[in-house]
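> If you read the sequences in order, they're chains P and U.
If you're matching positions, the first sequence starts at 1 in full-length UniProt numbering and goes up one per residue.
If you're matching positions, the second sequence starts at 1 in full-length UniProt numbering and goes up one per residue.
It is worth saying that the hints were derived from the structure and are not from the lab.
Treat the hints loosely; a few may be bogus.
[As the list claims (entries may be wrong)] Not close to chain P: a few residues of chain U, all C-beta gaps over 10 Å, as computed:
1. Pro166
2. Leu207
3. Arg452
4. Ala453
5. Tyr732
6. Arg807
7. Gly810
[Unchecked claim] Pairwise CB distance ranges, derived in the manner of DEER restraints:
8. P:Gln68 <-> U:Pro723: 37 to 47 Å
9. U:Arg32 <-> P:Gln68: 24 to 34 Å
10. U:Pro787 <-> P:Asp55: 52 to 62 Å
11. P:Gly34 <-> U:Ala219: 25 to 35 Å
12. U:Glu165 <-> P:Thr16: 27 to 37 Å
13. U:His535 <-> P:Pro124: 28 to 38 Å
14. P:Glu129 <-> U:Arg32: 28 to 38 Å
15. P:Glu129 <-> U:Pro605: 57 to 67 Å
16. P:Glu85 <-> U:Pro605: 34 to 44 Å
Heads up, the beta-carbon is just placed ideally off N, CA and C, and yes, glycines get one too.
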Amino acid sequence: MSTREITLTVNGRRTTLSVEPRKLLVDVLREDLGLVGTHIGCEHGVCGTCTVLRDGRSIRSCTTFAVQADGADIRTVEGLAQGPELHPLQEAFWEKQGLQCGYCTPGMLMRCVEILERDPDPTPQSVREQIASNLCRCTGYATITEAVCAAAEVMRSGARAGTEVAS
Amino acid sequence: MTTVDRPTPPVRTHKAERTWVGKSIRRVEDPRFLRGRGGYIADLVLPGMLHAAVLRSPHPHARIVSIDTSRAEAAPGVHAVVTGAQAAELTDPLPDFGPNPAAHTWRCLAVDKVRYVGEGVAVVVADDRYLAEDALELIDVEYEPLPPVVDPLAALADDAPLVHEPLGSNCAYDRTFEFGDVAGDFERADVVVTDQLRWHRSGGQPLETVGAVAEHDPATGGFRVHTNSLSFTSYLFMVATALKIPANRLDIVPMPAGGSFGSKLFVTKPLVIAAMCARLTGRPVRYLEDRVDNMANCDHHGSDRHYDVRMALTRDGKITAIDIDTVDDYGAYIQFGVGHHGNALAQVVGPYTIGSVRYRVRAVLTNKNQQGAYRGFGSEVNNWMLEQMVDKAARELGMDPVEIRRRNFIRSFPHFIPTGNVYDSGDYDAVLDKTLELGRYEHWREVQEQARAEGRYIGIGLITAQERSVFSATEFWFWFDEPGAPVTSMPESVTLKVDATGAITATLYSCAFWGNSPETMVAQLVAEEFDCDPHDVSVVYQSSKNGLPATGPGGSRTTVMLAGAVEGASAKIKEKARRAAAHLLEADPDDLEWRDGGFEVRGVPEKRKTLSEIAIMLHLFKHSFDEDVESGLEESKVFDHPYTTMPSADRKDLGVFYPFMGHACHLPVVEVDVETGVVTFLDYAAVHDCGTLVNPRSLAGHIQGGTAQGIGTALYEEFVYGPDGQLQTTSYLDYPIPTSLEVPELKIGHVETPSPWTPHGIKGGGEGGRMMAPAAINAAVNDALAPLGVRITELPLTPDRIRAALRAAGHGS
Chain P
1 MSTREITLTV
11 NGRRTTLSVE
21 PRKLLVDVLR
31 EDLGLVGTHI
41 GCEHGVCGTC
51 TVLRDGRSIR
61 SCTTFAVQAD
71 GADIRTVEGL
81 AQGPELHPLQ
91 EAFWEKQGLQ
101 CGYCTPGMLM
111 RCVEILERDP
121 DPTPQSVREQ
131 IASNLCRCTG
141 YATITEAVCA
151 AAEVMRSGAR
161 AGTEVAS
Chain U
1 MTTVDRPTPP
11 VRTHKAERTW
21 VGKSIRRVED
31 PRFLRGRGGY
41 IADLVLPGML
51 HAAVLRSPHP
61 HARIVSIDTS
71 RAEAAPGVHA
81 VVTGAQAAEL
91 TDPLPDFGPN
101 PAAHTWRCLA
111 VDKVRYVGEG
121 VAVVVADDRY
131 LAEDALELID
141 VEYEPLPPVV
151 DPLAALADDA
161 PLVHEPLGSN
171 CAYDRTFEFG
181 DVAGDFERAD
191 VVVTDQLRWH
201 RSGGQPLETV
211 GAVAEHDPAT
221 GGFRVHTNSL
231 SFTSYLFMVA
241 TALKIPANRL
251 DIVPMPAGGS
261 FGSKLFVTKP
271 LVIAAMCARL
281 TGRPVRYLED
291 RVDNMANCDH
301 HGSDRHYDVR
311 MALTRDGKIT
321 AIDIDTVDDY
331 GAYIQFGVGH
341 HGNALAQVVG
351 PYTIGSVRYR
361 VRAVLTNKNQ
371 QGAYRGFGSE
381 VNNWMLEQMV
391 DKAARELGMD
401 PVEIRRRNFI
411 RSFPHFIPTG
421 NVYDSGDYDA
431 VLDKTLELGR
441 YEHWREVQEQ
451 ARAEGRYIGI
461 GLITAQERSV
471 FSATEFWFWF
481 DEPGAPVTSM
491 PESVTLKVDA
501 TGAITATLYS
511 CAFWGNSPET
521 MVAQLVAEEF
531 DCDPHDVSVV
541 YQSSKNGLPA
551 TGPGGSRTTV
561 MLAGAVEGAS
571 AKIKEKARRA
581 AAHLLEADPD
591 DLEWRDGGFE
601 VRGVPEKRKT
611 LSEIAIMLHL
621 FKHSFDEDVE
631 SGLEESKVFD
641 HPYTTMPSAD
651 RKDLGVFYPF
661 MGHACHLPVV
671 EVDVETGVVT
681 FLDYAAVHDC
691 GTLVNPRSLA
701 GHIQGGTAQG
711 IGTALYEEFV
721 YGPDGQLQTT
731 SYLDYPIPTS
741 LEVPELKIGH
751 VETPSPWTPH
761 GIKGGGEGGR
771 MMAPAAINAA
781 VNDALAPLGV
791 RITELPLTPD
801 RIRAALRAAG
811 HGS
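Construct the complete structure from the given sequences, taking the supplied hints into account.
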């Protein structure tokens, strides 16, 4: 099958690759770039497990062809922690037990990065509404909402700027 | 009455003060998952690995006339195409615990006929998944459609088409059990309450599907298979048999599961498909279900029951007997037999002093995906049925739902229920009191009354129900008179190793990370024994090769059983360390006591050796010790089920098989929009008692998360098979899983009534909120609709069902 050359900037690193036009972005991230932190859940765009940020906006990477992302800036869970230091959202998820099996976690974290970049001081209800985009089968969501609000506070207090991490 | 010997184990004395058990520490597993480094099955790539995809049947019931694979075989990147008939030569039938397995043979692919929509008929192995799926479309199958068997009640008719011809019937099991004087109790009853209830099928639906990566070694004929399913150590021989190899040639490597909720328990089909293809192609093969595979061909749909129930009571609300007749739609195969009803019989009378029980179960085969396990394993359905009956009785007697429950609570322990199972301990009044307070019961009753005056329908559900834990496998065979077997031991094992620096590693067997917290739990238990930081304990999962006896998670058994294994292995290590310390301190071992991470001479704290000081001596300087001391400091413990007894020969008493009995009270408050049938939560309180807590926050996670699943079961989720046998819900658009907007934040409380018979007094609690929530939410909706004369006895309570019930009662069109 014929391939097309595309350029992606993934977690700040620019890469040019040759992909089949039908290859999904999530498969390119996982198979071609080895970034297996982005998981596949429902494969039809409902569950949000495969969420990544494309030019700062969350997308479903399981229903996006990689060629559609040509030239885009992509951020995945692998871009959150800086070496040994976890992102405030990761810290807060750990502290509040915002995860159990961990499978929805990378997609949920990326969705929450977006939520906090748009509104650094969301109410719990606003968080609840916005994470309805992503399914979690384990936690029942309460600890995720708690974690996002806790992380927002840490990030606002300037302990560490979220944008600095994600660029 | 059958007289049964009921020995009880010795009562344990529990440590009064605990350092780590009972603390909500951060989970030791989390850092890797937070970084996207979970190491799931889909992340595993082996050199030369190929990918398998399965062609699924579009028919619910059809004869396979012919399959032509020639076009698929010629497709780009294809290495092999295997039909069901070929697979039946390459493999033997899959393990089946059901009655009379030869009469409903279950294989990894269908051979001569398909029995449900989604059943596999062929598998393609190709260079990648895209190419494998391309080739699936090139397989030509000619089917001769047969009339489908969809309705389980119609399936029992003499002239119904047969799902399995050799069985000669669609009824795989039918037996009535009587415990106590049922007829007499009904004769003496002041009131008999009857009802019919219907629980439709749903499923675990973890966000990660089931998969396996298999490697074949042509030199030995053996396999190494990585899979996110488990419980293979003790039952390895069954899978090995399916692959036609000796069990000692099969090594199964547990991978973390991205959620299971029961649905990854002992899943053999993907494993056997991957292994079969690896042997055939000589290359490692991955078979990972896609979402439609997981919904339509997963072997783990949940319970699907019709109930006819009668309950006998005295005029003042004392329940004396219950007579249950259930028809369970098992789908096309019956891999775990009717073990689900063993779960129900473990706690069939709930927390109540009901004196006699009749239980008839008919297991019916239909053209649907088969049942497996889903959080509760059938006991959550019994909870719902029983609580519905109690509420109906309260209504007929004009009693308050709180009052009728209090009138029937068991208050003396241990308590043997009529089926023979025992409840070890409990304090049901304390749980109820705490829930009423936490959930502001009186407040909501007032709000409800005001709302009714305004034409709004607010309902308060209150249920008190059981969560059995730590099963013994007798519940899988006491159904049959033959073959009889001795009582099953169902062990779990742990190896603890203290290295030369004093650092501790725990090895777990037939266990993997399942979203539960085995590493945190074991680390806390080890830390409790050795006074170290749980975050410094390393935990590893052993593959089945070199595995010690182990049953694996399921039935909320892991924490209790691993606690016993950790306790036993720790005692052995401390015994060796004590002798070593005594030698080094030139003291009598009996004069030493364990204190703060080391042994010291009682009353002489300066004469002590820490665990690391002892460990380095034992590892590197063995010759300093007596001849019989071996190098190293490593011990294992195989911990067998601490309390299980034989059923009676006539099965009028099933013995003790699920003795550590948790309890909970749930109190949801809902508002029902009678125009749309939509249910909204206004409040939700839940108090659980599963004995001594190891990590309260982890248990709260099971309660909140299990309740979220229970909300799905109660209000939204259903695998709908149409009258034509087609599965109509094969995406998350049709099978809606609750989002953050459908799940309220629970007010969670804990009561701790320690078990007298387990380490630290722990009971299992992993099935959490899903044991209770469906019953509680149904009760709340019925309470809301009571003024309209509507009571719904069918789950899930979709807006359609609620509206239909309202219309039937003459409310709206």
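> Hint by hint, say whether it matches the structure.
Against the structure, the hints come out as follows:
Annotated as non-interface, U:Pro166 keeps its C-beta farther than 10 Å from every C-beta of chain P; the closest such distance is 37 Å. In this structure U:Leu207 is not separated from chain P by more than 10 Å, as the shortest Cβ-Cβ distance comes to only about 4 Å. For U:Arg452, the condition that its CB be more than 10 Å from all CB atoms of chain P holds, with the nearest at approximately 27 Å. The claim that U:Ala453 lies off the interface holds: its Cβ sits roughly 28 Å from the closest Cβ of chain P, which is beyond the 10 Å cut-off.
For U:Tyr732, the requirement that its beta carbon stay farther than 10 Å from each beta carbon of chain P is not met, with the minimum near 4 Å. Every CB of chain P lies more than 10 Å from the CB of U:Arg807, the least distance being 30 Å, so the non-interface label holds. Its beta-carbon lying about 36 Å from the closest one in chain P, U:Gly810 satisfies the requirement of being farther than 10 Å from that chain. Range check, P:Gln68 to U:Pro723: Cβ separation about 41 Å, and the 37 to 47 Å hint holds.
Taken as a hint, the range 24 to 34 Å holds for the pair U:Arg32 and P:Gln68, whose Cβ atoms sit roughly 31 Å apart. Distance hint check: the CB atoms of U:Pro787 and P:Asp55 are about 54 Å apart, consistent with the given range 52 to 62 Å. For the pair P:Gly34 and U:Ala219, the beta carbons lie near 31 Å from each other, so the given range of 25 to 35 Å is met. The hinted range of 27 to 37 Å is not satisfied by U:Glu165 and P:Thr16, whose Cβ atoms lie roughly 60 Å apart.
Separation of U:His535 from P:Pro124 is about 29 Å and conforms to the stated range, judged on CB atoms against 28 to 38 Å. For the pair P:Glu129 and U:Arg32, the supplied restraint of 28 to 38 Å holds, since their beta-carbon distance comes to about 30 Å. Distance hint check for P:Glu129 and U:Pro605: the Cβ-Cβ separation is about 59 Å, which falls inside the suggested range of 57 to 67 Å. With their beta carbons about 40 Å apart, P:Glu85 and U:Pro605 fall inside the hinted range of 34 to 44 Å.
In summary, the numbered hints that this structure violates are 2, 5 and 12.
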